[in-house]
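Residue numbers (this note's numbering), protein chains in the order written: chain A, 1 to 170; chain B, 1001 to 1112; chain C, 2001 to 2552.
If you are wondering where the hints come from, they were derived from the structure by calculation, not from laboratory data.
There's no promise every hint is true.
[Stated by the list, open to error] Selected chain B positions facing chain A (in silico; Cβ < 10 Å):
| id | residue |
| --- | --- |
| 1 | TRP1004 |
| 2 | ALA1006 |
| 3 | SER1025 |
| 4 | SER1037 |
| 5 | THR1041 |
| 6 | VAL1049 |
| 7 | ALA1050 |
| 8 | ALA1054 |
| 9 | ARG1058 |
| 10 | CYS1074 |
| 11 | GLU1079 |
| 12 | ARG1098 |
| 13 | ALA1100 |
| 14 | GLU1104 |
Virtual Cβ for every residue (Gly too), placed ideally from N, Cα, C.
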Amino acid sequence: MNPGRDEAEAARRLRDTISTQFGRSLHIRTLDTGSCAVCEQEIRLLTAPHYDLHRLGFFFTPAPRHADLLLVTGPMIRAFDVAARKTYEAMPGPKVVVATGACALGGVYPKDPFVHGNAGEVLPVDVWIPGCPPSPLALLHGLGVAVGRLAEMTPGLTFIADSAAGGGEA
Amino acid sequence: MPLWFARGLRRGVVTTRYPARPDESAAWLPTPPAFRSRQLTRDVADRMVAVCPATALRRRDDTLIFDVGACTACGRCAETAPDAVAPSGEFELAATARSALIKEIPIRGGGR
Amino acid sequence: MTPTHLPIPASLSRAAATSEQLVERLNALGGLEVRDGGATRGTVTVRTLGETLEAATHVVAGAPGARLADMFAGGSGPTGSGVSPGDRVSPRASRAADNGGDAPTLRLVWALESGYLLTETEIHGDRYPALSDIAPAAFVEECEIYEQFGIRPATGKPLNRLMLPPHAGPDFPRMRHRPARPPEEVHAPHTVGGQAFEFPFGPVRQVGVESLYYGLVTSGEEVVDVYLFTWHKHRGLEWRLRGTTPREGLFFAERAEGLSAVAVGWAVAAAAEAALGSTPPPAAARTRAVALELERLYNHAAAMAALCQATGLTVGQSAAEIALERLLRVNAASFGHRYLFGVIEPGGASRAPDAEVLRRDLPAAYGELRRAADALLSTNSFVDRLEACGILTAEQARRLGLVGPVARATGMATDSRLNAGGPPDGNPYAGHLVTAVTADGGDALARFQVMLGEAAESVRLIGEFLDAGTEAKSAPLPPGGGRGLGWAESSRGEVLAWVALDQDGRITRARLRPGSVRNWRGFDDACRSQNVFTDIPIIEASFWLTAAGLAR
């Protein structure tokens, strides 16, 4: 069994499903599971003039019932579990969960009695966006990946810089 | 609202063309490190592992395991080992598989 | 116990009290011991006995210019917590360290015009004196202390659950041990002629805002009461900081309230520096101040955008967001991070701003902010919604111990950048900032005007600091242990931090008190009476606090 290949295959199938089913517009519901408030500020700027999320067919909605995509920040504080699950379950399928920021990806807080440390412990995460905070450009890329419109770059990046120039290389 | 309207017209469009075109403001964003494997020794790797506040670095024998997802681009590893680290310049980091964010960097520096 | 009333000497009744004068008056109560440092560090710590705490509090509370800035508890137990370096603190290890059977120490932090006065009192048993002089201001702190340390004021009044979730069992990590009786869920009693109903709102609220759980009590349209629960955002940062070095701890301190990363980081670094007797080089202190002013600027721009959103003014919101985005890009271009994380380090600053970029780009970004603000102030539909909305009086601000623009908008001239305390040459603002920006009226419009005035001052200050020179330099922290208090003026108001370091330089107790902890106390007062539901978002935007900063 090749877990890497199975994962890549599942990801491809997910992307195909998403492009077919969501068409050209997607509604996003945000969920703060205990962030420091900066990820939320970057998310709010997505609808600001410099980034204008709407031109790409993405819209925010306060109602989970109308949402297609759940954008999750924070380290998943345990006391928030019930609220997180309720929000996820209130969204009708098909739906996509995007974990955003180092806290939600398991970077800042280890698993302990206060927090799970990682959004994936409570919700089935489909796309992971690193950053502390992820900038609006990084969020736009992540949302593009979530709907299959943009290619993922990280599988091809090594983060090894052995050339003299010293930049990262693909 | 003639005041607002006139000002808006005069200022012009500020909206980014990203993702259709690259955005130059990306050049100023902090990015995760890229490692120079030939400058890495077990010692250097251990120092960086100790200083990383987000547990994004671990060492397993002669491999430095770098979790890009956990990285906050704080720069402490670069401060500790400036010869071994350079900014990657990458900000398009989203991945559908969490494992795609775990990178293995060979430790190829000579000596200990 | 009846407090001792001392005649007020003529000199004190006019000028603000200094720490020396207060120590003299407190000495008269007996049983006092002056601890660490002295006026040169800007902070005086006095140890009082349990019997004299009430009287001491009465003396200080009545002194002109004194304000209760914080109240917290901490073990006075053995230093050295038995935690290995690099370990994430395990619940078992920390419980063992704290339950050494030592009585907890209750600390009150009083802000004076020049420096701070701390009183420390060991509390034996589970009650401490009523401290009625400070009860209104200290309610949040009293609840927190009860949950974490199991001690409560002698009045026996009900205390709310604050940080710990309802399911927190006996093994849930606390700073000491859980109280004998769990806190009740009792809120400010309210009387309404006719029926009132209560509905919980949140914690998942509108898009792009933090989780926050309000209980809204209303008789229809009018807000009778609003109370907040923040246990779903409690990450246990003070617990988590134990066993860390100041450098390691700073990573979490910045993320206590990320929108005040520079201010909280500065306060914690300054506390460690005060504990060990270190002063950052002046050029590094100016670097910190440049970062702090940039933080103030972008927060005020963000508050302006939130006010426009709350009043339904989308064009204004867009204009404010353009200014905000430009300011964040200035931060990234000059300091390498849009939110200025990683600039402060213990002993100084790890990054200096690119002065050329800052001088070139800041005026244009500020110009956007200024023009948007001027346009808003000439837009009736905006001004009318803010006028008389969420009024707080100066008396309320004083009684509740409020800080920042919320307090200054009522006329209180309190700004910790003006505090003449601190190490000699340690305050980069000395000689640059002369007065606090205040306004009258205490409504949302006054708060907005204070923010605008401060933004203009911030730009001027940044220019002056750049002229005087900024560097990335740090004075290394000397070895050993100690206790120290640090402070910084965030965009939301005074941030306080206090640390106790053991002989290995590791934190045994860290206290983080962002401005949000003080100012959420005033939120329900501002929302009550003659405000309607739709005013709540306006009031919330004009306060511009965070749930993360309160819950930590």
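Verification of the hints:
The beta carbon of B:TRP1004 is not positioned within 10 Å of any beta carbon in chain A (closest approach about 13 Å), and the interface hint is therefore violated. Here the hint on B:ALA1006 is broken, as its CB sits about 16 Å from the closest CB of chain A, past 10 Å. Annotation: interface hint on B:SER1025 holds; nearest CB of chain A at approximately 7 Å, less than 10 Å. The closest approach between the C-beta of B:SER1037 and any C-beta of chain A is roughly 6 Å, which is under the 10 Å cut-off, so the hint is satisfied.
Hint status for B:THR1041: violated, given a least beta-carbon distance of 15 Å to chain A, over 10 Å. Checking B:VAL1049 against chain A by beta carbon gives a least distance of about 14 Å; that is not within 10 Å, so the hint is violated. At a threshold of 10 Å, the smallest CB-CB gap from B:ALA1050 to chain A is about 16 Å, leaving the interface hint violated. A distance limit of 10 Å between C-beta atoms decides the matter here; for B:ALA1054 the minimum to chain A is near 4 Å, and the interface restraint holds.
At its closest, the beta carbon of B:ARG1058 sits 13 Å from a beta carbon of chain A; the interface hint therefore is violated under the 10 Å criterion. For B:CYS1074, the interface hint holds, since its Cβ comes within 10 Å of a Cβ in chain A; the closest pair sits about 8 Å apart. This hint is violated: B:GLU1079 has a C-beta 16 Å from the nearest C-beta of chain A, more than the 10 Å allowed. Restraint check, B:ARG1098 versus chain A: the minimum CB separation of about 6 Å is within 10 Å; hint holds.
Restraint check, B:ALA1100 versus chain A: the minimum CB separation of about 5 Å is within 10 Å; hint holds. Taken as an interface hint, B:GLU1104 checks out: its beta carbon lies about 9 Å from the nearest beta carbon of chain A, inside 10 Å.
Hints 1, 2, 5, 6, 7, 9, 11 from the list above are not met by this structure, while the remaining hints are.
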